[in-house]
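Given the structure of chain D, go ahead and fit chain G onto it with the hints provided.
As given, the protein sequences belong to chains D and G, one line each in that order.
The numbering of the first sequence is my numbering, which starts it at 1 and goes up by one.
The numbering of the second sequence is my numbering, which starts it at 1001 and goes up by one.
A few of these clues could be false.
[What the hints assert, rightly or not] Straight-line C-alpha distance at most 27 Å; calculated DSS-like pairs for lysine-lysine:
#  : chain 1 : residue 1 : chain 2 : residue 2
1  : D       : K176      : G       : K1073
2  : D       : K273      : D       : K49
3  : D       : K177      : G       : K1177
4  : D       : K177      : G       : K1009
5  : D       : K323      : D       : K346
6  : D       : K176      : D       : K189
7  : G       : K1176     : D       : K189
8  : G       : K1009     : G       : K1066
9  : G       : K1009     : D       : K189
10 : D       : K177      : G       : K1016
11 : D       : K114      : D       : K194
12 : G       : K1177     : D       : K346
13 : G       : K1194     : G       : K1072
14 : G       : K1329     : G       : K1177
15 : G       : K1114     : D       : K391
16 : G       : K1016     : G       : K1114
17 : D       : K346      : G       : K1176
18 : G       : K1194     : D       : K177
19 : G       : K1072     : G       : K1009
20 : D       : K176      : G       : K1346
21 : D       : K176      : G       : K1009
22 : G       : K1176     : D       : K177
23 : G       : K1194     : D       : K114
24 : D       : K346      : D       : K194
25 : D       : K176      : G       : K1273
26 : D       : K273      : D       : K194
27 : G       : K1189     : G       : K1329
28 : D       : K176      : G       : K1189
29 : D       : K176      : D       : K323
30 : G       : K1176     : D       : K194
31 : D       : K176      : D       : K329
32 : D       : K194      : G       : K1177
Read the hints as simulated data drawn from the structure, not as lab findings.
Source: prediction; values computed, not measured.
2 protein chains.
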Amino acid sequence: MDAAQFEVKPYPEMWKDLDMDVDRFEKARVMLGEAYAKTYLSQANRPAKMAYFDAMISEIHGGRVKELLAAKKEGRPVVGTFCVYIPEEIVIAAGGICVGLCGGSQGSVPDAEKILPRNICPMVKSAFGFKAGRICPYFQAVDFVYGETTCDAKKKTWEILDRMVPTYVMEIPQMKKARDRELWLEEVKDFNAKVEEVAGRTISEADLDSAISVMNEKRRALQRLTALRGANPAPISGKDALLIEQIAFYDEPVRFAAQVNELCDELEERVQKGRGVTEAAAPRVMVSGTPMALPNWKIHNLVETAGAVIVGEESCIGTRYFKDLTDEKLSSMEEKLAALTDRYMKIDCSCFTPNDERIEQIAKEYENSGAQGIIHYSLQFCHTYNIEEIKVREMCERENIPYLSIESDYSAEDIGQLQTRIEAFLEQIRG
Amino acid sequence: MDAAQFEVKPYPEMWKDLDMDVDRFEKARVMLGEAYAKTYLSQANRPAKMAYFDAMISEIHGGRVKELLAAKKEGRPVVGTFCVYIPEEIVIAAGGICVGLCGGSQGSVPDAEKILPRNICPMVKSAFGFKAGRICPYFQAVDFVYGETTCDAKKKTWEILDRMVPTYVMEIPQMKKARDRELWLEEVKDFNAKVEEVAGRTISEADLDSAISVMNEKRRALQRLTALRGANPAPISGKDALLIEQIAFYDEPVRFAAQVNELCDELEERVQKGRGVTEAAAPRVMVSGTPMALPNWKIHNLVETAGAVIVGEESCIGTRYFKDLTDEKLSSMEEKLAALTDRYMKIDCSCFTPNDERIEQIAKEYENSGAQGIIHYSLQFCHTYNIEEIKVREMCERENIPYLSIESDYSAEDIGQLQTRIEAFLEQIRG
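Extracted from the complex, chain D is given alone in its bound form:
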């Protein structure tokens, strides 16, 4: 796609109908288009099949929102989320849509800071600000927001957010004992009932089977993409892979999986031909840590602009979202909900104590990705990832893995400092 012609398309009428702050949003739309063109369309040697994902960004404030509104008109529930710890399968089984909400940019942070403390996670502030400022069409379109108790900042912010948009909170346990699984199973059943209530219909076994299959298919496609990034030279940039992982949170899952698979076909060809987005000599970096909500491309952009390639994200925006599938061979509704419960209990979020399986997972992904170093990325003030970072660092020291730890927010203030630190880190890898 021609960078000069790219734009995020405007839908002012629809935005007005959604009670958005249209004038302000119009500016955000232009800025996002420019940032995308500059960050993404300037890349050399992109796979042709990235065109679909470019188009998804172009239609991020229009086409996909229209699909949501059409679904709502048909009485299908639309649920906004911020976390991988939501049994999406249940929403899909009810004919509904799960959509990741806006929460990845600095622009909405001042809106939040009028109410929330300044020293909490930028993602929570950004998300809250998007709703407070009425500058996210998804927030305006959902039936309800799905909240969870994975961290202190989110847990308490939902209480305030609920005043602006109905916010349903599921309790995520903090350990993984049998009693935690029992509690979570009850939460899953309650969520099932909540979604049925909003949808005005009962979820059948066939509905849930189909939804589990849809989500497994989507997750398999993302697993396939991840595996292909292990090739050297890498057939796709980390930025593009990250973008796909971000789009995974708002695109229609069947279409999305098909498009990811088409892209993977192209990448397989590239791998066979030994063709990559960079030379084989480019340093290969894996990122581990907190999620990067769209359009948070900060670290990937800095690393790849410095000549390296990112080959994996051990993160909620990356493998944590799709590494685990749900068992499809179960017969009763009770068993299916239990299978979902078990699938979600495998999530190695730092909200659990202890969470040492995550450290093992990072080591495994590092090996599979052929990375040569790990950057731990933590959103500012994210206590759980920030403290768990100690164990990631120790593992890297044990395994002699080059390691860099970054804590950052959404502002541009630390760009210069990060650039210097990342360049020094890449020098260390180059040796």
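Just chain G now, with coordinates in the frame of chain D:
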């Protein structure tokens, strides 16, 4: 007591036996003694019965530690804690001792920041640093530390602390549904088994009855003290009351309750005679928010030095610790443990979502205390209290209660700024 003669008594031999950093601790001991003399013994018109509590500070690094070591010699478990969310009754029932650990001073923060992130709560950092630096005799004396999952920073820090001292973590639920109570009941039973294991004995029904009675008696004594502070003029300073609430966490409970009751007898006399620590015209302030571990007297000292009096602490160091009693009229072990479960589920910690009963509790305590304004105090980076502060502020606005919100750490850096803000707040109350 004569301020010039006051000292925290040294026990270098015992400290050495406890594997402490004796040279460094010696300096801390002298500093604590000086700070105490300056902050406490300079107060005019103190109740005579404060002498016991002065002596407790004088023996904080000696006499009480000796009692702990004697208990250990007899095989009685000694459990270190940081939270009111521990069923102390179980430890006492096993003949053991619960003791609040060091975590209230800036001196140990740099030790923690060598390992932990800087931008987490000062209490967590201070506590961790006390163990890392071997400068807290209580930390050195305990059989194990009791941790809990009430906040992200503590939850993840226990994993690291456990390397230095055995740390047993109880899972505190995040909501108050029936399933949360079930989970917590199971946790209480496990804790009972853990304490029995450490004590090497079984806890009988009579043991638990007796322990529940001991703790209820202690809590009643603290309730009585709180009620007396409602008189105008206040018969005791907020600083002294805070000190007693702090000592509550490490003193022997039966002796402590008796001493608090003796003090209350004296205060009752004062109230009858209309005698106070300040004039009746002194502004009356209630503090609400996060706990103040010994020797964190920062806010109380600033407020009372400015001529006001603090008449209540809605905090884990204050009423949250003692407002609820445990039902004593139950017959089976199962029922007794369930009663404990229910008692602890009443705690209105901001770790719960929602936690609106706390807002009601603040309003109630405000009324009972005869306060004329509320200071909300939040330890820096304490996300749950910091966000819940929004609801406290709103309640104060609704009820026309003069209100000041303070977020602070243990450093002296913000003293000047706080002084100015507190003085302006007191001017507002004076009208």
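Going down the list of hints, with the structure as the test:
no. : hint                : result
1   : D:K176 <-> G:K1073  : violated (36 Å)
2   : D:K273 <-> D:K49    : holds (17 Å)
3   : D:K177 <-> G:K1177  : holds (19 Å)
4   : D:K177 <-> G:K1009  : violated (46 Å)
5   : D:K323 <-> D:K346   : holds (10 Å)
6   : D:K176 <-> D:K189   : holds (18 Å)
7   : G:K1176 <-> D:K189  : holds (17 Å)
8   : G:K1009 <-> G:K1066 : holds (13 Å)
9   : G:K1009 <-> D:K189  : violated (59 Å)
10  : D:K177 <-> G:K1016  : violated (40 Å)
11  : D:K114 <-> D:K194   : violated (32 Å)
12  : G:K1177 <-> D:K346  : holds (24 Å)
13  : G:K1194 <-> G:K1072 : holds (16 Å)
14  : G:K1329 <-> G:K1177 : holds (25 Å)
15  : G:K1114 <-> D:K391  : holds (14 Å)
16  : G:K1016 <-> G:K1114 : holds (24 Å)
17  : D:K346 <-> G:K1176  : holds (25 Å)
18  : G:K1194 <-> D:K177  : holds (16 Å)
19  : G:K1072 <-> G:K1009 : holds (22 Å)
20  : D:K176 <-> G:K1346  : holds (25 Å)
21  : D:K176 <-> G:K1009  : violated (46 Å)
22  : G:K1176 <-> D:K177  : holds (19 Å)
23  : G:K1194 <-> D:K114  : violated (47 Å)
24  : D:K346 <-> D:K194   : holds (23 Å)
25  : D:K176 <-> G:K1273  : violated (59 Å)
26  : D:K273 <-> D:K194   : violated (50 Å)
27  : G:K1189 <-> G:K1329 : holds (19 Å)
28  : D:K176 <-> G:K1189  : holds (17 Å)
29  : D:K176 <-> D:K323   : holds (18 Å)
30  : G:K1176 <-> D:K194  : holds (19 Å)
31  : D:K176 <-> D:K329   : holds (24 Å)
32  : D:K194 <-> G:K1177  : holds (16 Å)
This entry does not satisfy hints 1, 4, 9, 10, 11, 21, 23, 25, 26, going by the numbered hints stated previously.
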